[in-house]
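Engineer: Residue strings, one per chain:
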Amino acid sequence: MIVRISGEGQFSIDDAATAELNRLDSELEAAVNRNDEAAFTAALHGLLDQVRAHGSALAADTLEPSDLILPPEDASMDEVREMLTEEGLIPG
Amino acid sequence: MISARSRGLMAAKMLMKGTAARMGVMKRVSLVFKAKANKALDKMEDPRETLDYSYQRQLELLTKVRRGVADVATSRKRVELQMNQLQQQSNKLEDQARKALGMGREDLARGALERKASAQGQLNDLQVQYAQLQAEEEKLTVASQRLQAKVDTFRTRKETIKATYTAAEAQTRINEAFSGISEEMGDVGMAIQRAEDKTAQMQARAGAIDELMASGALDDAVGGQRDDIQSELDMMSASSDVENELSRLKGEITAGAPKQLEGGANGNSQGAQAPQAGAQAPQGQAQPASIPAADRPAEPQDGEG
Numbered sequence: 001m002i003v004r005i006s007g008e009g010q011f012s013i014d015d016a017a018t019a020e021l022n023r024l025d026s027e028l029e030a031a032v033n034r035n036d037e038a039a040f041t042a043a044l045h046g047l048l049d050q051v052r053a054h055g056s057a058l059a060a061d062t063l064e065p066s067d068l069i070l071p072p073e074d075a076s077m078d079e080v081r082e083m084l085t086e087e088g089l090i091p092g
Numbered sequence: 001m002i003s004a005r006s007r008g009l010m011a012a013k014m015l016m017k018g019t020a021a022r023m024g025v026m027k028r029v030s031l032v033f034k035a036k037a038n039k040a041l042d043k044m045e046d047p048r049e050t051l052d053y054s055y056q057r058q059l060e061l062l063t064k065v066r067r068g069v070a071d072v073a074t075s076r077k078r079v080e081l082q083m084n085q086l087q088q089q090s091n092k093l094e095d096q097a098r099k100a101l102g103m104g105r106e107d108l109a110r111g112a113l114e115r116k117a118s119a120q121g122q123l124n125d126l127q128v129q130y131a132q133l134q135a136e137e138e139k140l141t142v143a144s145q146r147l148q149a150k151v152d153t154f155r156t157r158k159e160t161i162k163a164t165y166t167a168a169e170a171q172t173r174i175n176e177a178f179s180g181i182s183e184e185m186g187d188v189g190m191a192i193q194r195a196e197d198k199t200a201q202m203q204a205r206a207g208a209i210d211e212l213m214a215s216g217a218l219d220d221a222v223g224g225q226r227d228d229i230q231s232e233l234d235m236m237s238a239s240s241d242v243e244n245e246l247s248r249l250k251g252e253i254t255a256g257a258p259k260q261l262e263g264g265a266n267g268n269s270q271g272a273q274a275p276q277a278g279a280q281a282p283q284g285q286a287q288p289a290s291i292p293a294a295d296r297p298a299e300p301q302d303g304e305g
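Chains as they are written, first to last, in this note's numbering: chain E, 1 to 92; chain C, 1 to 305.
Fair warning: there could be bad hints in the mix.
[Unchecked claim] Among chain E residues calculated to face chain C with C-beta under 8 Å, some are:
(1) 7
(2) 22
(3) 26
(4) 57
(5) 60
(6) 61
(7) 65
(8) 70
(9) 77
(10) 84
[Said to hold, decoys possible] Using 20 Å as the maximum straight-line C-alpha spacing, the simulated SDA-like pairs for lysine to any residue come out as follows:
(11) C/99 x C/230
(12) C/27 x E/17
(13) C/27 x E/15
(14) C/27 x E/13
[Claimed, not checked] Label pairs and their calculated CB-CB ranges:
(15) E/36 x C/125: 21 to 31 Å
(16) E/20 x C/59: 33 to 43 Å
(17) E/38 x C/208: 28 to 38 Å
(18) C/212 x E/36: 32 to 42 Å
(19) E/82 x C/141: 17 to 27 Å
(20) E/38 x C/77: 42 to 52 Å
(21) E/38 x C/60: 19 to 29 Å
(22) E/74 x C/80: 19 to 29 Å
(23) E/38 x C/231: 18 to 28 Å
Worth flagging that the hints you see were computed from the coordinates, not collected in a lab. Here a beta-carbon is modelled for each residue, glycine too, at the ideal position from N, C-alpha and C.
Taking the hints into account, I'd like the entire structure generated from these sequences.
Structural biologist: Structure below.
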């Protein structure tokens, strides 16, 4: 599975590691829904660390699209909300 | 991968209907990216014609990222310059404080150290900004290299696709190339936007610090203007030269008696008190060096007051 950390690059990840990713992702989403910035930051950093620890970086010249995309490390909760609407993204 | 694309389309439709709520943040973000890419693809009647157009857009984006890197670097250099200025100022104020203490003027030393603390506070703030700008610059540089690599791949593939065109095959390969590059372009575009926002905020703060320094609120070490602490220190130093000279002359007159050394020391401490008495005397005698010590107003403004 290919995961992109926005602003950082793409990683190839073993399917074995996805359960933990999904768990952290649920926490992230719950934090966004609860409007809990501290929990949001913790979950986001946990997710990114997990991807960095278990993923291997894809070559820069690959044109593979990602299966999952993660917000950048320093993203605020509001920014992530924006990313979840089409208007928040610069057109590809 | 056509299958990936149709998955993306399906998911994108689910997203539009609002059924994506239970999907997790990672999936939803990627679907938003895919929806964008698919929208771009769907517009194309003959994908071959749009290969060149897309390539042009990629080159434009590359230029934009490089400009973004340069902008962030400019901001970083500005912050660096301010940091150097504040550091000089801070050093100078500490030096002044030391001199003031050496002359027994704790009040002046305190004033200098208060300004130093203020300069140091600004400096700490700038150090944080500097680190952020540096990180942003590195991030954008890497992003620009990554995009460059992908654009190169795209260009090669574009030429291959055009050369070996059979409708079905080309469509698949074009889709592959497009979805990969458009995700990267979306991400890089976002990275530039974020860098621009951050840089704008920091420029506003840097501007505020420039104004603060220009106003003299932090003192002005670089503008070459003599500040009040320095001028008082200079006056004190001139005054103490006179004291020394005075006791030397006294010593010459009452040549060499062993008691005179102690007497001279007492004379000095009296001399040090004398300016305080002088401060209560009428002001306006502005030539310290030419006036006897007891009459000289050594602390025209602050000091005891």
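Engineer: Now tell me, hint by hint, if it's right for this structure.
Structural biologist: Comparing the hints with the structure gives:
1. Using the Cβ-Cβ criterion of 8 Å, the hint placing residue 7 of chain E at the interface with chain C is satisfied: the shortest such distance is roughly 5 Å.
2. Interface hint at residue 22 of chain E: satisfied, since its Cβ lies 7 Å from the closest Cβ of chain C, which is below the 8 Å cut-off.
3. Given the 8 Å rule on beta carbons, the hint for residue 26 of chain E holds: about 6 Å separates it from the nearest Cβ of chain C.
4. With a least beta-carbon distance of about 10 Å to chain C, the hint placing residue 57 of chain E at the interface is violated under the 8 Å criterion.
5. The interface hint given for residue 60 of chain E is met, as the beta carbon of that residue sits about 4 Å from the closest beta carbon of chain C, less than 8 Å.
6. Because the closest C-beta pair between residue 61 of chain E and chain C is about 4 Å apart, less than 8 Å, the hint holds.
7. The criterion of a C-beta within 8 Å of any C-beta in chain C is met by residue 65 of chain E, whose closest approach is roughly 4 Å, and the hint holds.
8. The interface hint given for residue 70 of chain E is met, as the beta carbon of that residue sits about 6 Å from the closest beta carbon of chain C, less than 8 Å.
9. Annotation: residue 77 of chain E was flagged as interfacial toward chain C, and the flag is violated, the nearest CB pair being 10 Å apart, outside 8 Å.
10. Hint status for residue 84 of chain E relative to chain C: holds, with the closest Cβ pair at about 5 Å, below 8 Å.
11. Our distance criterion of 20 Å between C-alpha atoms is met by residue 99 of chain C and residue 230 of chain C, whose separation comes to about 10 Å.
12. The hinted pair formed by residue 27 of chain C and residue 17 of chain E meets the criterion: a straight-line CA distance of about 16 Å does not exceed 20 Å.
13. At roughly 15 Å between alpha-carbon atoms, residue 27 of chain C and residue 15 of chain E fall within 20 Å of each other, so this suggested pair holds.
14. Straight-line distance between C-alpha atoms of residue 27 of chain C and residue 13 of chain E comes to about 15 Å, which keeps the hinted pair within the 20 Å bound.
15. Separated by about 28 Å at the C-beta atoms, residue 36 of chain E and residue 125 of chain C satisfy the suggested range of 21 to 31 Å.
16. A C-beta distance of roughly 40 Å is found between residue 20 of chain E and residue 59 of chain C, which places it inside the suggested range of 33 to 43 Å.
17. Between residue 38 of chain E and residue 208 of chain C the CB atoms are about 29 Å apart, so this pair conforms to the stated range of 28 to 38 Å.
18. At roughly 37 Å, the beta-carbon separation of residue 212 of chain C and residue 36 of chain E lies within the given 32 to 42 Å, and the hint holds.
19. Checked against the given bound of 17 to 27 Å, the beta carbons of residue 82 of chain E and residue 141 of chain C, roughly 25 Å apart, stay inside it.
20. Evaluation of the 42 to 52 Å hint for residue 38 of chain E and residue 77 of chain C yields a failure: the beta carbon distance comes to about 35 Å.
21. Our hint of 19 to 29 Å for residue 38 of chain E and residue 60 of chain C is violated, since their Cβ atoms are close to 40 Å apart.
22. Separation of residue 74 of chain E from residue 80 of chain C is about 21 Å and conforms to the stated range, judged on CB atoms against 19 to 29 Å.
23. For the hinted restraint 18 to 28 Å between residue 38 of chain E and residue 231 of chain C, the CB-CB distance of approximately 51 Å leaves it violated.
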